[in-house]
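Engineer: Each of the two chains sits in its own frame; use the hints to bring them together as a complex.
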Amino acid sequence: MTAIEPQAGTVPLDPEEARRVRAARLERIGKWVLPLAIMVLAVWLWDRICVWNEIPRYILPRPGEVVATLYTDAGLLFGSLLVTLRITFLSLLLAVAGGVGLAVLFAQSKWVEMSFFPFAVILQVTPIVAVFPLINIYVDNQTAKLLLCAWIVAFFPILSNTTLGLNSVDRNLIDLFRLNGATRWQELWHLRLPAAMPYFLGGLKIAGGLSLIGAVVAEFVAGTSGQSSGLASRIIEAGYRLNAPRLFAALILISFTGIVIFLALTLVSHLVLRRWHESALRQER
Amino acid sequence: MLQEMRAVASEASGGDQKSLLTLRDVGKSFSNGVTALRNVDLTIGQGDFVSLLGPSGCGKSTALRIIAGLSTPTTGMLDWHGGQGRSDIGFVFQEPTLLPWASVFDNVWLPLRLRGVSREKATPAIREMIDRVHLSGFEDAMPRELSGGMKMRVSIARGLVTKPRLLLMDEPFAALDEITRFKLNNDLLELWQDERFTVVFVTHSVFESVFLSNRIVVMAARPGRVFREISVDAPYPRDEAFRTSPDYATLCRETSQVLGEAITLGGGAHDGH
Numbered sequence: 143m144t145a146i147e148p149q150a151g152t153v154p155l156d157p158e159e160a161r162r163v164r165a166a167r168l169e170r171i172g173k174w175v176l177p178l179a180i181m182v183l184a185v186w187l188w189d190r191i192c193v194w195n196e197i198p199r200y201i202l203p204r205p206g207e208v209v210a211t212l213y214t215d216a217g218l219l220f221g222s223l224l225v226t227l228r229i230t231f232l233s234l235l236l237a238v239a240g241g242v243g244l245a246v247l248f249a250q251s252k253w254v255e256m257s258f259f260p261f262a263v264i265l266q267v268t269p270i271v272a273v274f275p276l277i278n279i280y281v282d283n284q285t286a287k288l289l290l291c292a293w294i295v296a297f298f299p300i301l302s303n304t305t306l307g308l309n310s311v312d313r314n315l316i317d318l319f320r321l322n323g324a325t326r327w328q329e330l331w332h333l334r335l336p337a338a339m340p341y342f343l344g345g346l347k348i349a350g351g352l353s354l355i356g357a358v359v360a361e362f363v364a365g366t367s368g369q370s371s372g373l374a375s376r377i378i379e380a381g382y383r384l385n386a387p388r389l390f391a392a393l394i395l396i397s398f399t400g401i402v403i404f405l406a407l408t409l410v411s412h413l414v415l416r417r418w419h420e421s422a423l424r425q426e427r
Numbered sequence: 029m030l031q032e033m034r035a036v037a038s039e040a041s042g043g044d045q046k047s048l049l050t051l052r053d054v055g056k057s058f059s060n061g062v063t064a065l066r067n068v069d070l071t072i073g074q075g076d077f078v079s080l081l082g083p084s085g086c087g088k089s090t091a092l093r094i095i096a097g098l099s100t101p102t103t104g105m106l107d108w109h110g111g112q113g114r115s116d117i118g119f120v121f122q123e124p125t126l127l128p129w130a131s132v133f134d135n136v137w138l139p140l141r142l143r144g145v146s147r148e149k150a151t152p153a154i155r156e157m158i159d160r161v162h163l164s165g166f167e168d169a170m171p172r173e174l175s176g177g178m179k180m181r182v183s184i185a186r187g188l189v190t191k192p193r194l195l196l197m198d199e200p201f202a203a204l205d206e207i208t209r210f211k212l213n214n215d216l217l218e219l220w221q222d223e224r225f226t227v228v229f230v231t232h233s234v235f236e237s238v239f240l241s242n243r244i245v246v247m248a249a250r251p252g253r254v255f256r257e258i259s260v261d262a263p264y265p266r267d268e269a270f271r272t273s274p275d276y277a278t279l280c281r282e283t284s285q286v287l288g289e290a291i292t293l294g295g296g297a298h299d300g301h
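Sequence order for the protein chains is A and B. Each number in the numbering used here comes from the position in the first sequence (counting from 1) with 142 added on. Each number in the numbering used here comes from the position in the second sequence (counting from 1) with 28 added on.
With the rest of the complex left out, here is chain B (with noise of 0.2 Å):
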């Protein structure tokens, strides 16, 4: 079943398509005995959005902050596809993370400052990622002068400054209200589809990752393991159409039952959390 559902989905997102990255069973333990991650297989595609989609506890952020380099893996290895340099992967938390003594045009400079590129050379990067998240006029507002959308916005353009072949999200919109969360997951296909870089997107929004992903990676805790693969076959473009198609229903319907059974089985359905 497993199997098939996987051989299905690498036929969906193309024969051909390069692979970037290779988890080969990476487990994560720590010393209190917790196994965050067991046994995790997973290729990520070049150009793929890929969700890791699951309740707490299912290891999901620890599985991109193995892919980040923040963490060593216990058992396994990650396979880089064609070498890998740290500057290949931006990373966008929880929340904003911004400096909050820095304005807006700082804050996205910073990945590049730390590369020892002065604000000079950097300007024109910096200015065409702050336009690309529509922040254009708040170069030179601070942090706390933004809204949570906004601040959203900025860190977006910083994890994407330095040109990344991958972008790790770790749960990114998940303290901002829904209107604001459908505007940024529309402008961030739109910078996706438009600069194709890789995306790996941790979430426990069943809707969030059927109308950004081509994949979602269904993960079950204790232990955090892949419990399924979930290929999304709708086209892209995806825009406010596809948020009120009965497609997108049905898909979401369809990710809700995988992801019911994944809890289950994790022994989550009575957890609180």
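With the rest of the complex left out, here is chain A (with noise of 0.2 Å):
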């Protein structure tokens, strides 16, 4: 950047600049301060409930147990949290390439779009966990079946946020393609996928979330059929068991990796964006 920045603390600040500034180090601080405090508080609050109600540890246990059995059944939880993060990951990754293509197929034609988007639509707002019963009809492979409700969950918001970013390109950059000769394929590459790739993000944020909850609900309704045992299967074997500790374990576990995985997308999104889109800006003036 260009602009000048003044030093902080060599000009003197008049008293409203001084409050801005005070009001924004507040903010900073409080952004993270905040919720951390109300969390601990939460957990404070739980722990508490559960010693005054003197409630019995199969039916809710305290936060202290929760995190020992994190630890005491760390081999087990975790050995099933790879299980599901790879049904995870694979699905998002075939979302992302099923999302694309069919965004970058969508927008060869006008005709393809109408025709085929409306599949899209209803794959969509079907219920997965009513579909599943026909899944495992048709399809034998477990890891297959999982996949497969994963990815008809996840792929939607990148397809239809692709397509919609394929689409908003500036008129004039389409016609001074033209005007250069560009042929298709340099139309698509060097001015479509660039353009939507903001919107292409918005989705992968979403899809990332989404892939986690398919792959989770998926093994849900697959049942804890043996071999395949991730997380959903822990949290159905555990509550079989009346072993609540373990079942608020595999849980944390879940929503940690959710958060995981939207951190790490909204990084992605931050580090390829940061040079060129609005929203990645940070505020200045």
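Check the hints yourself; a few may be wrong.
[Said to hold, decoys possible] With a Cα cut of at most 25 Å, we get these calculated DMTMM-like pairs of lysine to aspartate or glutamate:
id : chain 1 : residue 1 : chain 2 : residue 2
1  : B       : K46       : B       : D168
2  : B       : K149      : B       : E123
3  : B       : K191      : A       : D317
4  : B       : K149      : B       : D168
5  : B       : K149      : A       : E329
6  : B       : K211      : B       : D261
7  : B       : K191      : A       : E329
8  : B       : K211      : B       : E156
9  : B       : K149      : B       : E223
Keep in mind the hints are simulated off the structure, nothing from the lab.
Structural biologist: As structure tokens, then:
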């Protein structure tokens, strides 16, 4: 940036400006401290409620017990986490490939989009839990079953966002490309795909969370059929055995995974867009 | 009267001058019944700086798009003298229309890149063009880091990097503040004199058209058509001294009068636009 930034402290500030600086500093600290404090308070309250009401551990375990279980059952739980993660990432990968691939196909012609977009919508709006029995009949392989399920849940936001992005290119830039004799491929590669990037990344952020949900839900409805024992299976199993601490531990692992996926994709989005897109720019002034 | 003006114009621009392009009876109608252009006959000579001046709706942008080949005329035809290839045309839009994800350098590279010229091979031409529009040192800047005037400079560099014979400009400086606009006008004239390309410049500013062009084509609306041609005899180079000269003021007044007649004729006097 070429803008001149006055060094903090060297310029005497008027009261209004000083107030603004103070407020900004407070906000920066509060952004982290407040949610953390509320979280700690909630956990403490959870613990107190267990103690005050003498709730048995198989109904609601104390937080400390859950953490202990996370440690003692680590081998079991993290093994299952890996199984769930594998399905999640594979389905996210397929959702990206399928979503972007279909979007590019749709962008080739209005007719293709008009013809096939309704199918994508139908696939999206039909609850996956209701469709799963069918998948269960037609697909034998357990992994394929779960993947298909998670994919159906995750691909739509990528498809719809990328389609929107590919179609929202500045008309003048399209004219410029035509003027310079650009081929369809050049127009796609040098213009439409980069222009769709922010939209795609927005869809990816949603799809990341959805593929985890898809993976867990798929495993739930698929049932604990032995070999594939992801975190969902652990939860069901723990439920049957009234092993509430392990159930909670598994639950915490799942939501923690979701948070990590979201943060990672947010970071990716920021890194890709930081040099040019409005959404990634730090507010100045 | 009209013929008379034409004769004067072609004489002023030099009898032996070769023409680059002729529009013969060009018309454009849209499916909604609007006639954007009717019976446009216009010859653009090599090295001309022609301004298309007129109120909104007079079809000046449509004419530019037809010349660029972005739009096909409903009637009439375009006649390129000595053949025409796509690479003969550079286009500068009203907005800078840069790729926001690409640096200044890569934006200027774009027309060459689309022609299959590698970055290494294109580098001398790109650097020279960036230098010509006074943006040396900003090669790696992203468009969002530039001011409106600088973005427009990039856009001009991009339009000229292929060394086109004809540069089409569609109200390129309309959105800029006056100081920036004056500066860009001066720099554009300098470029035009050095490189000897032809310019067709769409504007609704009398002052801009008089300052820049050797020919002004005043257009009227509803339907869009050529109303009259004015030749601006003031010698080049034109600089700030010309901008403040009595000659310039007189030319502006005369052109304003012609534009006023064109607006009255087109019924645009009551139009808010």
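Engineer: Each hint needs a verdict: does it hold in this structure or not?
Structural biologist: Hints and how they fare:
no. : hint               : in the structure
1   : B:K46 with B:D168  : violated, 40 Å
2   : B:K149 with B:E123 : violated, 28 Å
3   : B:K191 with A:D317 : holds, 19 Å
4   : B:K149 with B:D168 : holds, 18 Å
5   : B:K149 with A:E329 : holds, 22 Å
6   : B:K211 with B:D261 : holds, 22 Å
7   : B:K191 with A:E329 : holds, 22 Å
8   : B:K211 with B:E156 : holds, 20 Å
9   : B:K149 with B:E223 : holds, 21 Å
Figure legend: structure checked against the earlier numbered hints; hints not met, in rising order: 1 and 2.
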